[in-house]
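Produce the entire structure from the sequences given, and follow the hints as far as they go.
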Amino acid sequence: MERPDAIIFDLDGVLVDSEPMSLASLAAEMRAVGVADATSDHVRAQYLGVSLPTVKKDVAEYLGAPCPDDFEENYLNRLYAAYDGGLRRIDEMVAALDRFQAEGIATCIASGGSLPRIRRTLAFARLTERFGDRIFSGEDVARGKPAPDLVLHAAMSIGVAPSRCLVIEDSPHGVEGARAAGMRAVGFTGGSHLETIREQQAQTLRNAGAEAVFRDAADVQSLVLAAAAA
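Heads up: the sequence shown begins at 215 in my numbering, then just goes up one per residue.
Do not rely on the hints blindly, as some may be mistaken.
What the hints assert, rightly or not - Have a look at the derived ranges for each label pair, beta carbon to beta carbon:
no.: 1; residue 1: ASP298; residue 2: GLN417; range: 34 to 42 Å
no.: 2; residue 1: SER377; residue 2: GLY278; range: 42 to 50 Å
no.: 3; residue 1: ALA441; residue 2: GLY299; range: 32 to 40 Å
no.: 4; residue 1: ARG340; residue 2: GLY278; range: 37 to 45 Å
no.: 5; residue 1: ALA316; residue 2: ASP347; range: 13 to 21 Å
no.: 6; residue 1: GLU317; residue 2: SER377; range: 17 to 25 Å
no.: 7; residue 1: ALA441; residue 2: GLY396; range: 25 to 33 Å
no.: 8; residue 1: THR410; residue 2: HIS367; range: 43 to 51 Å
no.: 9; residue 1: ARG420; residue 2: ALA337; range: 29 to 37 Å
no.: 10; residue 1: SER406; residue 2: GLU353; range: 47 to 55 Å
no.: 11; residue 1: MET215; residue 2: ASN291; range: 37 to 45 Å
no.: 12; residue 1: GLU317; residue 2: PRO280; range: 47 to 55 Å
no.: 13; residue 1: ASP255; residue 2: GLY299; range: 17 to 25 Å
no.: 14; residue 1: GLU317; residue 2: ARG340; range: 18 to 26 Å
Hints were generated in silico from the structure; no laboratory data involved.
None of these values were measured; they are calculated from a predicted model.
Even glycine gets a Cβ: it sits at the ideal position worked out from N, Cα and C.
Below, the structure written as C-alpha cells:
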C-alpha cells in the first residue's frame with residue numbers, strides 16, 4: 215500500500231463503540247411507531263451505515279403512512295440516554311488516529327449521521343479537539359452512503375485528491391462509497407456490534423471492495439505506517 219495523504223474515518227463502530235447503542239435505540243423507536251419486527255439484529259443487517267432519512271423512508275413504506283415527525287427526536291433521546299450510561303471509545307483506533315496525525319497525515323470524519331449527532335458523539339467520547347472543523351455529515355450532501363458524495367465532499371474540503379485518500383469503515387455501504395469515489399478502503403470489524411458475525415462481516419466488507427479487513431486497529435496503523443516507511 216502506498217502511503218495515503220489523508221485518512222477519512224467513519225465514526226460509529228470505528229472510533230467509538232456506539233453501534234450497539236445506536237442499533238438498539240433505533241430498533242426500539244421503530245417498534246414504538248409500529249414496526250413490530252424491528253430488532254437490533256434486523257436493524258444491523260438492514261441499516262448499518264445507512265442514513266436516517268433512508269430509515270425514515272422505509273418506516274413510512276412499512277406503515278403505509280408518513281413516518282412520525284418526532285421519530286428522529288425520540289430516537290436521539292434514546293441514544294443519548296444510552297450514551298449517559300457509558301460510551302466507550304475504541305482506544306486502539308484513537309491511538310492510531312493520534313499516530314497518523316503525528317506523522318502529518320490529514321484526518322477527518324465522514325459519517326452519515328446528522329452534524330449535531332456527530333458532534334454530540336465526539337463530545338461524549340472526548341474526541342472533539344482531535345478533528346476541529348474536519349467533520350462531514352450526511353447533511354452536507356444530497357446522497358448518503360453508498361453513494362460517493364460524502365467522502366468526495368470530505369476530500370475536496372480538506373484539499374486532498376480522492377486517489378490519495380484511505381477510508382476506514384465498518385459497513386459495506388461505506389466501503390462501496392469509498393470505492394465509487396476512487397478511494398482505497400480498509401474494513402474494520404473491531405466494534406462489539408459485530409461480535410457474533412465478525413467473519414461474515416469481514417467477507418462482506420471484502421466483497422464491497424475493501425483491500426484489507428482488520429479486527430485490531432493496531433493492524434490498520436501498522437499497514438499505513440509500513441507504507442509510509444517504504
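Verification of the hints:
The hinted range of 34 to 42 Å is satisfied by ASP298 and GLN417, whose Cβ atoms lie roughly 35 Å apart. At about 45 Å, the beta-carbon gap between SER377 and GLY278 stays in the expected band of 42 to 50 Å. Hint check: ALA441 to GLY299, Cβ distance near 39 Å, so the stated range 32 to 40 Å holds. Separation of ARG340 from GLY278 is about 43 Å and conforms to the stated range, judged on CB atoms against 37 to 45 Å.
Between ALA316 and ASP347 the Cβ separation comes to about 20 Å, which falls inside the hinted range of 13 to 21 Å. Between GLU317 and SER377, the C-beta spacing of about 19 Å keeps the proposed range 17 to 25 Å intact. In this structure the supplied range 25 to 33 Å is violated for ALA441 paired with GLY396, their Cβ-Cβ distance being about 18 Å. A beta carbon spacing of about 34 Å between THR410 and HIS367 contradicts the range 43 to 51 Å that was offered as a hint.
Taking 29 to 37 Å as the suggested C-beta distance range, the pair ARG420 and ALA337 conforms, at roughly 34 Å. Judged by the Cβ atoms, the range 47 to 55 Å given for SER406 and GLU353 is violated: they are separated by roughly 27 Å. Separation of MET215 from ASN291 is about 42 Å and conforms to the stated range, judged on CB atoms against 37 to 45 Å. Between GLU317 and PRO280 the beta carbons are some 49 Å apart, a value that agrees with the proposed interval 47 to 55 Å.
Between ASP255 and GLY299 the CB atoms are about 21 Å apart, so this pair conforms to the stated range of 17 to 25 Å. A hinted range of 18 to 26 Å holds for the C-beta pair GLU317 and ARG340, which are about 22 Å apart.
The structure is inconsistent with the numbered hints 7, 8 and 10, although it conforms to all the rest.
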